[in-house]
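Those protein sequences? They're chains S and B, same order as listed.
Using the working numbering, read the first sequence as starting at 351 and increasing by one per residue.
Using the working numbering, read the second sequence as starting at 165 and increasing by one per residue.
Careful: at least some of the hints might be erroneous.
Below are the DSS-like pairs computed for lysine-lysine, each with C-alpha atoms no more than 27 Å apart in a straight line [to be verified]:
1. Lys269/B / Lys661/S
2. Lys269/B / Lys505/S
3. Lys561/S / Lys269/B
For the record, the hints were derived by calculation from the structure and aren't laboratory data.
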Amino acid sequence: MTHPRRHLVSILVLAAFASALAWFPAAPALGQERTVKIAGLGAMSGVIRGFGINSKAVFDMTVDELNKAGGIKLADGSKARIVTTFVDERCNAEEGISVVRKLASEDWLVVIGPTCSNVAEPLFGILQQKVGAAGDSGLQFPIFTDTAIKPGLAKISEWAFRNVPHEPTMYNHLFKWLKEKHPDVRTMAGGVESDFAHSNSNAGTMEAAAKAAGLELLGWEKWLLTDTEFSTQVGKWRRSKPDLIAISSHPFTLCGTLREMKRQGVKPKVLVGLTSSATLETMVGCGPEAEGLIIPTGFAPVTPEAKRVAKVVTERYKGNVDIHSAAVFENLQVLKRVIETSGVEAKPGTVAQDRRRIRDGLAKIKEFDGLLGKVKRLDDRESQKPYVFAVAKTSDWAVLHDPR
Amino acid sequence: MEFYQSLLTLFGFRILLGLSAYVVILTGQISMAQAGFYAAGAYAAGAASAMWGWPLLPSILLGGLVGGVLGFLVGFPALRVRGLFLVIATLAFTEIVRMAFLNLKYTIRVGERTIGPAGAEGFRGITYYYQHGWAPWHILLFTWAFVLAALLAFWAIDRSRAGAVLRAVGEDELAAASVGINLTGAKVAAMTAGGLVAGLAGGLYAHYATYVSQEDFGALLAAFAIAYPLVGGTGSVLGPVAGVLFFSLLIDGLRFLGDWRNLLFGALIILMMNLRPHGIVDVGLVRRAARLLRAPRRPAHAGP
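Using the sequences provided together with the hints, build the complete structure.
Have a look at this one:
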């Protein structure tokens, strides 16, 4: 081997080992300042990265505001500054488990995240199922999810909490309302991104809601998360001429489908989309084609506080507040309240007790103020959030109906 | 400490997956089917322990058996194709397995919970480790028992006539056939052994993660499986281990770079493959290491 080559190999090996240093736990702060450590977890790379980027923007904005306002009051009356990290889980289960185990081995008190339901499932699976259960060696580490929306996940572990919209409630209401507003709508066809857990489960939710509203289901067309060609599926809609088309897919394939619908001239009387597509990403990707698309959403800038948060995050943190990232703001406010009222000490020797205090505190919360109004907490550690029906109008989201 | 134990456990799955591809590569075949065997092992072992109430060891062994049988079945048709055609055929197999699990719905009630493969929603509730009070170091020891067994088995094979036969087939099929080596037997045996080890790894992974979904077992996993031995080197069983260390350090260490991580990750792999075209642990390195270990002993001083 020549010398330059040997040097390059040495550099590569050094780079690999230097990168391994990222695995070592962070050293405790040397100063006397008290800190409360809260970690964020989201998809910062890959197809779904838009969600993680928005969550991080809201996470940073909220933490900055809380710290500017004096931080969090601890059990002994002192004030603690919030210290954070935001880790990429790449929407990959193995990576999600790896980073959460790392956070749990350090002195982080609670995690907000992850983005993807297929990461939330195994993360909740490695937590202790029932608090204090003898013989259950699962992690005792609270996770408060903002985005992963697949129904019923929090019941996997008593250490798992979610503040995500309750889709069955929203879609039941939406289809009932649509039927009242459009009595001539009788048939529905659906489209689903069938290899993505959330899209797939939501298709079932949409179907049940449509049937409950008295619609006749003509069938479901399927595609995959990374598909780029939808002519066959849209062609079937063109031939079956449904009154309503419900599309359960994320912005990337939703936009592909909408563009194909425009190309083939498919124009249903009503078009319904997936909660996770009520985002700016959809408007940027296919605003004109999405005109008239109706989606129930847990966030819209319809209250003064919601407007303020949306403005600050967009202008100063280069992100967007949407149905998912709005929950990060709410989760941090709730955590502040829980930490201040449940005796959290935030001392090096009290990490395990503090995690338990936060878990118990979160479990006791019955209601809190969200960006759209009161959020009810349910016994299964899920939320029942206020929502509105949004409609795509001139490449932006507008409120079509506000049932709050 | 628990984090490092968990990390070493994760290395264990990856090393097993790398070894499963390594044994196939020895015969000159590049197989993308390892992800399919891994998936089948994960679902089979998960179903055995979480749904049918089997003890853990038989469940994991069932995963290995399912992987091995699939390896045997894939091995025969794979004989008819070589090179890139084999890559495509085996990738198609992995996709078939993935699509099968995407559509497989088989759930039962176990206590208060519904458990089993639920199509696109995945298979949750494979919680044997945690429900039986296993600490991370228990999981680590259990996983590494399989890793060490596989490493020892492949090391022994490498030093036996069987290993020489596999390498001979990989070096030059025509020459191997001309000296009476059964090409079919060698290739199918390698594919079966690879399937068995990948199935075991899948079973162990399913129990570690508690949840598996078809999304976890796509082309990317198949590519990593062959990348471990190719980048690590096929000179000895330590090659896949070196490959796993190289990739694992980069995957987690570059996380802070966000989307740039994939770019730099790819560039570092290309660079490494240019600098070490036969892998980190290639035949030359193995020979040099062997010479060092067999360093000539100093001759005994002659007596006066």
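These are the hints, each one checked on the structure:
1. Lys269/B / Lys661/S: 45 Å, violated
2. Lys269/B / Lys505/S: 21 Å, holds
3. Lys561/S / Lys269/B: The hint holds at about 23 Å.
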